[in-house]
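First residue of the sequence shown? That's 1 in the working numbering, and the numbers climb one at a time after it.
If you're looking for bench data, these hints aren't it; they were derived computationally from the structure.
Derived DEER-like restraints, expressed as beta-carbon distance ranges:
hint: 1; residue 1: Ala-190; residue 2: Trp-99; range: 24 to 30 angstroms
hint: 2; residue 1: Lys-379; residue 2: Pro-200; range: 54 to 60 angstroms
hint: 3; residue 1: Leu-93; residue 2: Ile-325; range: 36 to 42 angstroms
hint: 4; residue 1: Val-29; residue 2: Arg-378; range: 21 to 27 angstroms
hint: 5; residue 1: Ser-268; residue 2: Val-114; range: 31 to 37 angstroms
hint: 6; residue 1: Val-114; residue 2: Tyr-267; range: 35 to 41 angstroms
hint: 7; residue 1: Ala-254; residue 2: His-353; range: 23 to 29 angstroms
hint: 8; residue 1: Ile-287; residue 2: Ser-383; range: 38 to 44 angstroms
hint: 9; residue 1: Asp-95; residue 2: Pro-170; range: 25 to 31 angstroms
hint: 10; residue 1: Tyr-267; residue 2: Leu-386; range: 45 to 51 angstroms
hint: 11; residue 1: Gly-302; residue 2: Pro-271; range: 46 to 52 angstroms
hint: 12; residue 1: Glu-52; residue 2: Phe-376; range: 43 to 49 angstroms
hint: 13; residue 1: Lys-238; residue 2: Asp-95; range: 31 to 37 angstroms
hint: 14; residue 1: Arg-301; residue 2: Pro-49; range: 54 to 60 angstroms
All residues carry an ideal CB built from backbone N, CA and C; glycine is no exception.
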Amino acid sequence: MAVAIQDQKPLINLGLVRAHIAAGFLFIVVAMLMGVLYALQFNNMYPFPNIEFLSPGRVRMIHTNGVAYGFIMNVFLGALYWVVPRLTKRKVLSDKLGWLIFYVYLFIVLWAVVGILSGHAQAVEWGETPSAFAANGTWLFPIDELVMVGLTLIAIQFLTPIFQHGSKQPMYVSLWYFSVAFIWVILTYAMGNYLPEMIPGAGGATYVGLFIHDLVGLLVTPLGWGMMYYFVPSLLKKPIWSHAVSLLGFWGLAFFYPLQGVHHFIYSTIPMFAQFGAVVSTVAIEIMVVTVFINFFMTLRGREIAPVVNMPIRWFYTGMVFYVITCIQCAVHVQFWAQEFVHFTDWVVGHAHLIMFGTFGFWLIGITTDLWPRTFGRKQWWSPMLHEATFWM
1 MAVAIQDQKP LINLGLVRAH IAAGFLFIVV AMLMGVLYAL QFNNMYPFPN
51 IEFLSPGRVR MIHTNGVAYG FIMNVFLGAL YWVVPRLTKR KVLSDKLGWL
101 IFYVYLFIVL WAVVGILSGH AQAVEWGETP SAFAANGTWL FPIDELVMVG
151 LTLIAIQFLT PIFQHGSKQP MYVSLWYFSV AFIWVILTYA MGNYLPEMIP
201 GAGGATYVGL FIHDLVGLLV TPLGWGMMYY FVPSLLKKPI WSHAVSLLGF
251 WGLAFFYPLQ GVHHFIYSTI PMFAQFGAVV STVAIEIMVV TVFINFFMTL
301 RGREIAPVVN MPIRWFYTGM VFYVITCIQC AVHVQFWAQE FVHFTDWVVG
351 HAHLIMFGTF GFWLIGITTD LWPRTFGRKQ WWSPMLHEAT FWM
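Model the full assembly from the supplied sequences, consistent with the hints where possible.
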């Protein structure tokens with residue numbers, strides 16, 4: 001375990017790493033059960049048809065928000081407590097602040113579940129978390145307000161060592177991705193959870209589309225690729241193929257991704273220039289994705305056996321393949337001619353699941369596969385065969 005030279009205290013708080021990862025996998029179990037429960041209605045098997053508290057719409061919100069905030073963000077936070085100190089050679093701002101963030105984060109997620117099930121959700125897809133300022137809001141569930149405070153604390157916690165490091169030497173690309181993610185998410189969350197409530201009609205819907213996409217593209221995506229730029233070279237024991245290409249992908253993400261959200265509303269009443277702009281930016285970002293894909297597969301050159309013998313690498317590269325497939329699918333689906341037959345179909349649902357589970361789910365499982373035993377001082381898991389079976393299942 002790495003040790004800070006200045007005070008000989010552990011550089012990494014392993015307790016925080018374990019706590020966030022464990023919480024994340026607890027939430028994914030609950031979220032998946034909610035998904036199965038929601039799906040039963042399509043076979044006329046829903047067990048709670050007349051219970052408002054457990055109506056299918058509210059259960060679906062628990063499924064989606066549980067995956068996004070309960071699972072994905074928790075595991076990413078756990079990984080950040082491992083990666084950021086190693087890349088900066090500095091501890092995060094405060095271990096006490098870390099535990100405060102952890103417990104407050106758990107409270108927010110659980111209280112959001114209560115708020116959603118009790119009927120105080122917002123009419124914002126992926127932003128259903130209750131707000132005290134929403135049309136049906138109540139000060140009993142100021143979830144969005146607490147989230148804004150929490151996101152600010154998280155940014156301060158991790159940006160402090162990153163900026164201290166960056167002020168003295170060039171930053172590795174992972175730190176670039178992490179830095180913008182902490183800043184973008186505050187702006188994105190405020191935009192998606194407040195503006196749609198204030199702006200009626202198509203204008204508000206525009207911000208909903210931007211929020212749906214930017215939450216993935218400006219938070220989950222930079223965190224995900226930042227993690228890949230750390231874990232893949234580390235496990236392959238060789239540097240990334242091209243740092244310049246990695247920065248090309250970074251700036252492509254920063255420039256094109258924020259403009260894509262309107263492609264959720266092709267042929268809507270939103271002005272056509274915004275729709276055309278969303279289509280162009282969507283195709284452009286897919287070109288940037290290809291550069292990232294090439295960078296990682298060129299890094300794999302000479303280590304082609306790694307996905308066979310190294311389980312985390314297998315999870316990572318399988319997720320990358322799914323990512324490229326998803327992006328190609330997206331570039332095709334946003335075309336006006338394609339929207340005529342895929343809009344409001346299960347192709348859209350499949351696209352969302354492929355990126356969230358096929359890519360980011362695989363990456364987070366790969367990260368956990370690598371980190372979890374190491375946080376206990378062990379080199380491998382209890383049963384490698386069980387891991388093998390889990391992957392193929």
